[in-house]
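Asker: So the chains spell out like this:
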Amino acid sequence: MSSYVIRRLLQGAGLLLLVSMIGFAILHLAPGGPLSQFAAGGDMTQEDLDRVAAQLGLDRPLPIQYLDWLWRMLQGDWGLSYRDQQPVLSVIGSHLGATLELMLTSTLLAMMIGAWVGILGAIRRYSLFDGFATIGAMIALSIPTFWFGLVVIYVFSVGLGWLPSGNRYTIGDESLANRVHHLIGPCMVLALVSTAVWSRYMRSSMLDVIHQDYIRTARSKGIPERRILIHHAVRNALLPMITITGLHLPTLLSGALVTETVFTWPGMGRLFLDSINYRDYPVVMGILMFTAVLVLLGSLLADLLYNVADPRLGANAT
Amino acid sequence: MTQTAPRVMQDEEDVLDVRNLGISFRTPAGEIPAVRDVSFRIRRGETLALVGESGSGKSVTSLGILRLTPKPPFCSITGQVLLRGRDGTVRDLASLPEDEMRDVRGRDAAMVFQEPMTSLNPVHRVGDQIAESIRFHEGLSRRAALDKAAGLLDLVGIPDPRRRLGAYPHELSGGMRQRVMIAMALACEPRLLIADEPTTALDVTIQAQILDLLRRLQERTRMAVIFITHNLGVVAEIADRVMVMYSGRVVEQAAVRPLFRSPLMPYTRGLLRSVPRLDFAGLGREPLAAIPGTVPDPLEPPPGCSFGPRCGGFLPGTCDAAVPPLEEARPGHQVRCVRWSALTGEAA
Ligand SMILES: Nc1ncnc2c1ncn2[C@@H]1O[C@H](COP(=O)(O)OP(=O)(O)OP(=O)(O)O)[C@@H](O)[C@H]1O
Ligand code: SF4
Ligand SMILES: [Mg+2]
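Line order of the protein sequences matches chains C and P. Our numbering numbers the first residue of the first sequence as 179 and each following residue consecutively. Our numbering numbers the first residue of the second sequence as 3 and each following residue consecutively.
Some hints could be false.
[Stated by the list, open to error] Ranges between beta-carbon positions, derived for each pair:
| no. | chain 1 | residue 1 | chain 2 | residue 2 | range |
| --- | --- | --- | --- | --- | --- |
| 1 | C | M290 | P | P75 | 28 to 36 angstroms |
| 2 | P | P75 | C | L385 | 51 to 59 angstroms |
| 3 | P | D205 | C | L385 | 29 to 37 angstroms |
| 4 | P | T296 | C | L286 | 27 to 35 angstroms |
| 5 | P | D105 | C | L286 | 36 to 44 angstroms |
| 6 | C | R413 | P | D205 | 27 to 35 angstroms |
| 7 | P | D205 | C | I200 | 20 to 28 angstroms |
Keep in mind the hints are simulated off the structure, nothing from the lab. Predicted model, so just to flag it, every value in this text is computed and none were measured. Where a beta carbon is used, it is the ideal one built from N, C-alpha and C, also for glycine.
Make a model of the complete structure from these sequences and hints.
Answerer: So, in structure tokens, the structure goes:
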């Protein structure tokens, strides 16, 4: 078990290195740069700009810059934001809570609705409900998140006036009710795709399980149908969902990025886009690495959880 | 085919009385009549063996008795399945409401399946799986039910039963799992046990042990047993009576001895010829004479006798005229063949 974890962590480290190289290259090769921000500010001469570039180390060849960044990173120095000279980690930290809040609530919502829809679709396969659920999931999967976000704002904020159109809370009112009120819109938007994903996988997992021999055995014992469904079928059908949830994490993160932008939600997604616009290299790289670590740990955690949840693997896990 | 005959069994000792059971599946390709006009009775303490080639409808018959076949409209059941419960009341399982059916399953009639590897739920401990039906049928607490489950594991010959309660199915061997399945089926002391090829997936020595176990348990409880198997050697060993099925119909039914000594239906004779005989063992291995040909497509059955295309005694104009009736050739010995007396040289 522990050797497995170590192997996974080593693989993860290799992956992180790759991600950092590609990310660094794309970021620095993209047209424009931090200097154009200063230049746009107006009254800086070319010499001033050159001085700033030298200060930031931007005048060196790209590989050197990368190695320098990597070396500092390995020592735990994530660098300072170009924008406000704050340490990158504390910039990320101050946006992390908002993102986690959004991701966790929408994931919970998606799991509950998605699992329920999937289970019901499986046991009433080809029913009217199943048909609508299937079409609904297809639509949900093909709707662009930003467009759905705009529709939600248009309908519920602009039209009906039921929901705020953005932000985490009204300034000066940080009550739970106010926060929840602000959370509803973005949570709904981010949950859309996850709900569709959950319902589809849950349905197929459930269909797989209800045709297993042990379900017939349970039925032959004369126990109530409800118990067969929950205790025998759903319990087994949920196992693969652990893996699915781990695999879904990157999609969820990119969904969060869009959702946060649409709802001016002060999370990492918005921070990421803002930082790209500002060419705030240290923050962009920091977020990139942070989310990459998050995704890797997430999938590792999913695997470990699976081992715990499935007695067949628990004892003799590789 | 639904009859409104009174729900009476002629004999107090009868546990199950199946009358004109028909089971058909609705598939995209059409209606598949998997079981047609099957009737039999089985008494306390009796073992009825159900034999026949793959696809002859043995499993469907047994699943249909407990209504474990797919729900209507995907599968429809006709006829009567009269079961005498522990309190002596007779109920027709073919028309019983689903919630009453649940009281019957696992309590008055229980089932053991062929595949011990996949028939137990992998995520629950075997103790809980055995205790489950006890809790529901007898209303015992989990602890009391587990106590009883430990006793059952002991009964089916599992050593160290207390500790085994906590085992997961994957931690047990195939033979052990089948013992667990049997313990589970016996949990509420059913009056009828249906065993669908309970030993087919096991290796030979384990097979013998399981058969022995079933026989001992039956002597103890006097339950009626329906034993489904491909293996005629097993039949000779365990059964009192034999019912031979072919493409969904009963084609011969008799007590074990008359059936083995003087089978009347050509199909049964073919089956018996394909059994390895110990008394031939000395004379170089003869290849088993499997019956040539294959089981007919249930969607396009041949006219008349469904065994006709594979039968050595087939007589055009006679055998393919109509489906032969099930005829009482001798007392207690039924056969579905219009030419049995001509072929065996016996007077009808
Ligand atoms: N769920 C189902 N849907 C459609 N047809 C089915 C279904 N279950 C069984 N059948 C059909 O019923 C017929 C009898 O099958 P059954 O399983 O009873 O055979 P069997 O005698 O038990 O054979 P085996 O020895 O292989 O177990 C087969 O032709 C099969 O195709
Ligand atoms: S009825 Fe004819 S074809 Fe059918 S088993 Fe008898 S002899 Fe053979
Ligand atoms: Mg079968």
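Asker: Now tell me, hint by hint, if it's right for this structure.
Answerer: Here is what the structure says about each hint:
no. : hint                                 : result
1   : C:M290 to P:P75: 28 to 36 angstroms  : 32 angstroms, holds
2   : P:P75 to C:L385: 51 to 59 angstroms  : 19 angstroms, violated
3   : P:D205 to C:L385: 29 to 37 angstroms : 33 angstroms, holds
4   : P:T296 to C:L286: 27 to 35 angstroms : 55 angstroms, violated
5   : P:D105 to C:L286: 36 to 44 angstroms : 39 angstroms, holds
6   : C:R413 to P:D205: 27 to 35 angstroms : 31 angstroms, holds
7   : P:D205 to C:I200: 20 to 28 angstroms : 56 angstroms, violated
Comparing the model with each earlier hint shows violations of hints 2, 4, 7; every other hint is respected.
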